[in-house]
Amino acid sequence: MDAILAQLLNGLDKGGAYALIALGLTLVFGTLGVVNFAHGALFMLGAFCAVTFRYLITLETITIDETQVTAWGTPLEIRTPLAQSWFGDWGAVLIDWSVPLSILFAIPVMLIIGIAMERGLIKHFYKRPHAEQILVTFGLAIVLQEIVKAIYGPNPISQAMPSALRGAADVGVWIGLAQGAVTYPLWRLVYFLFSIGVIGAVFAFLRFTTFGMVVRAGMADRETVGLLGINIDRRFTIMFGLAAVVAGMAGVMYTPLLPPNYHQGMDFLVLSFVVVVVGGMGSLPGAVAAGFLLGILQSFASMTQIKSIFPGIDQIIIYLTAVVILLVLPRGLFGRRGVMEG
Amino acid sequence: MALFQLSRRDALIFALFALVVITMPVWTAPFGANYSGLMQKFAIYAIFAIGFNVLFGLTGYLSFGHAAFLGVGSYTAVWSFKLLTMDVIPAIVFAIIVSGLFALAIGYLSLRRSGIYFSILTLAFAQMSYNLAYSVLTPITNGETSLQLTLKDPRIIDLAFGERGAGLPTASLFGNTLIGLEGFYFCAVVLILAFFLAQKIFASPFGMMLRAIKSNQTRMSYTGFNTRPYALTAFVISGMYAGLAGALLAVTDPLAGAERMQWTASGEVVLMTILGGVGTLIGPVIGAWLIKYFENIFSSFNEGILSRFFGFVAEPAHDTVVAIASKFVGEGWQLTLGLLFVLVVVFLPGGIMEGVRRIAALFRRPGTPATPGAMRTQPAE
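Protein chains in written order, with my numbering: chain A, 1 to 342; chain B, 1 to 381.
Same shape as in the complex, but just chain A:
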């Protein structure tokens, strides 16, 4: 029982990342009808927003103190981060909490990147065949990841999580189990709650705002909404920017769990596409449900008891699930008829 609960929890943070990326993919597909292979690159760019933000706030000034001498006989260099010299002790807190704070930095950056991408390239591909959309966004993903590699180098850059969130939460106690029975790293819990919050916000935005209503109407029948005198293209552009922001935030918060490297976007993209297809192309609840489902299944498959029965199952479980679901339920879990067929 404890072991099952622990595995369930372990799957949640990865499931949250899958769900967030798949949500963005589905938003773009549902609004613009574009299969965006560069979406993983947006996740990666978000992670590098965190790296950049940390770099900016840890820029240092070096003052040379002539009166003191180091062990090597050179004058002592005192390095003070700019943030610390400006904000005093608050600066240290700022640096400690740089990962969550870089969300504030990532939101405008990702919004601009997303809108520029849509206006600059993707808008020319609405009427082209899906194969060409896949190819052009695939090329774009390569370009983005190579640019990041040229700037930040090929090695992963690890990001520290805030020291307050470094420990583990004794989750078992909360539900009445013995102390220490089920523990769970705090940051993973934060990531899970964060992903739930973002998903809830996106759904509420689509459900309860006028903007969201228009976008949903546009997803159902773009032409009619256009004929009603609404500039639907502009709203869809903003939705693309929003999808980029969601992917970027998912990337920012994932940095303490996985040090950002330039090719992580592609690694997550392949899995997220499987997630989208399992959930049903074009279905937002499907994307979220399938994201968590596959994350949890993956964590169960990596249990030693299960691995001893089916060796190697942890390597293939996601793909195996996708194959089974696609063969049994042709349109995925929540898919509608006639989407992306033929």
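By construction, these hints were calculated from the structure, which means they are not laboratory data. Hints may contain errors.
Unchecked claim - Derived pair list, reagent style EDC-like, types lysine to aspartate or glutamate, alpha-carbon separation capped at 20 angstroms:
#	chain 1	residue 1	chain 2	residue 2
1	B	K82	B	D10
2	B	K214	A	E132
3	A	K149	B	E295
4	A	K123	A	E223
5	B	K152	B	D253
6	A	K123	A	D233
Claimed, not checked - Calculated Cβ distances over 10 angstroms to all of chain A for the following chain B residues:
#	residue
7	S7
8	N34
9	S36
10	L123
11	T170
12	M208
13	M220
14	A265
15	F294
16	G338
17	A361
18	R364
Backbone N, C-alpha and C fix where the C-beta goes; we use that ideal spot for every residue, glycine too.
Dock chain B against chain A, hints included.
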């Protein structure tokens, strides 16, 4: 014999193609690409792309898992070297058979869906093969260290006729070793045969059926054809081509690693086909050559070469130009590849072959009908 006949136009193309392939060491010399390792790759990946095009170009089914068949072909060929003989004929035959069976199983399941669902299914099967090859199947695939020849291999047929040599043996054809240029010519002959077979498929009634699947599958099934066996046959044929390419990779270098099956490798063959021109015979070959050329030549450039190349630029700008250009070569060659890719898809969706057709249409006298491909309308932007 009717089996070996081609229409006059196809025969001309075939003769030209054979000439171009055989004279490759001559015409690649000015580009600095005339060393056998690279030319072998040119021939092998051309076979891979031709086979992929039989599926994607004719039926329109976009497979994202073709590298799995390449990997299976490589593994089979290396096992044939290890267990039976260093002769390449059994290795190639076994590789084609095994990858064909593998393609039959995967194709049978994947072809139950179409569109992007088919792409994801093939991707899922390929990723499963890749992950398994790295983990559980290590006794067969040797995992991360790659499957390679050892001094203790049984090689029962070879050793029945001769003594074990001192070093590691090399692949051979009826006793002639295939190293360097001989290896290239062997691959070139196989490429020409593979091209001939593709021409026959394109011109046959079977090829016509496949085109019908691409243009309107529903109508075809209403006329009374069951489309799935045709698509499955195309899938198996293209899987066998990939297995053949994998076997040739093992012939030129008897080593098979799981990374050959990764999805990036599957993406690469899609790129080759698109870059050259989907559905054309020559296009995929040109695409494969260009991408392999970029990969090998551009990635070997360094700042020293660039500095000499931009020697004509005056001093203050010189360093900047070199610094910018160096981002596009060497380690960054993929950036060039990505940009090229985006530009081709945006401006020339039919690939290089469409560019050739457009240029040819400029020189054609007005009044003569253009080839159908040139008439393709571009959507308004």
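Status of the hints after comparison with the structure:
Of the supplied pair hints, the one linking K82(B) and D10(B) is violated, its CA atoms being roughly 40 angstroms apart against a limit of 20 angstroms. For the proposed pair K214(B) and E132(A), the alpha carbon gap of about 16 angstroms is at most 20 angstroms, so the pair holds. The straight-line distance between the Cα atoms of K149(A) and E295(B) is roughly 17 angstroms, inside the 20 angstroms bound, and the hint therefore holds. Distance restraint check for K123(A) and E223(A): the Cα-Cα separation of roughly 16 angstroms lies within the 20 angstroms cut-off, and the hinted pair is therefore satisfied.
At roughly 18 angstroms between alpha-carbon atoms, K152(B) and D253(B) fall within 20 angstroms of each other, so this suggested pair holds. The suggested pairing of K123(A) with D233(A) holds, with an alpha-carbon distance near 9 angstroms, which does not exceed 20 angstroms. Distance check for S7(B) against chain A: the nearest CB is about 29 angstroms away, which clears 10 angstroms, and the non-interface claim stands. Every Cβ of chain A is farther than 10 angstroms from the Cβ of N34(B); the closest lies at roughly 28 angstroms, confirming the non-interface assignment.
Listed as a non-interface residue, S36(B) keeps its Cβ farther than 10 angstroms from every Cβ of chain A; the least gap is roughly 29 angstroms. For L123(B), the requirement that its beta carbon stay farther than 10 angstroms from each beta carbon of chain A is not met, with the minimum near 7 angstroms. Consistency note on T170(B): stated as away from chain A, and its beta-carbon is indeed over 10 angstroms from all of that chain's, at 34 angstroms minimum. Non-interface call for M208(B) relative to chain A: holds, since the shortest CB-CB distance, roughly 20 angstroms, exceeds 10 angstroms.
Against the 10 angstroms criterion, M220(B) stays outside the reach of chain A, whose nearest CB is about 12 angstroms from its own CB. Residue placement check: A265(B) keeps its beta carbon more than 10 angstroms from all beta carbons of chain A (closest about 13 angstroms). With a minimum CB-CB distance of about 12 angstroms to chain A, F294(B) clears the 10 angstroms threshold, and the non-interface call stands. With a least CB separation of 3 angstroms from chain A, G338(B) falls inside the 10 angstroms interface cut-off, contrary to its annotation.
The beta carbon of A361(B) is kept farther than 10 angstroms from every beta carbon of chain A, the shortest such distance being approximately 22 angstroms. The Cβ of R364(B) sits about 27 angstroms from the closest Cβ of chain A, beyond the 10 angstroms cut-off, so the non-interface label holds.
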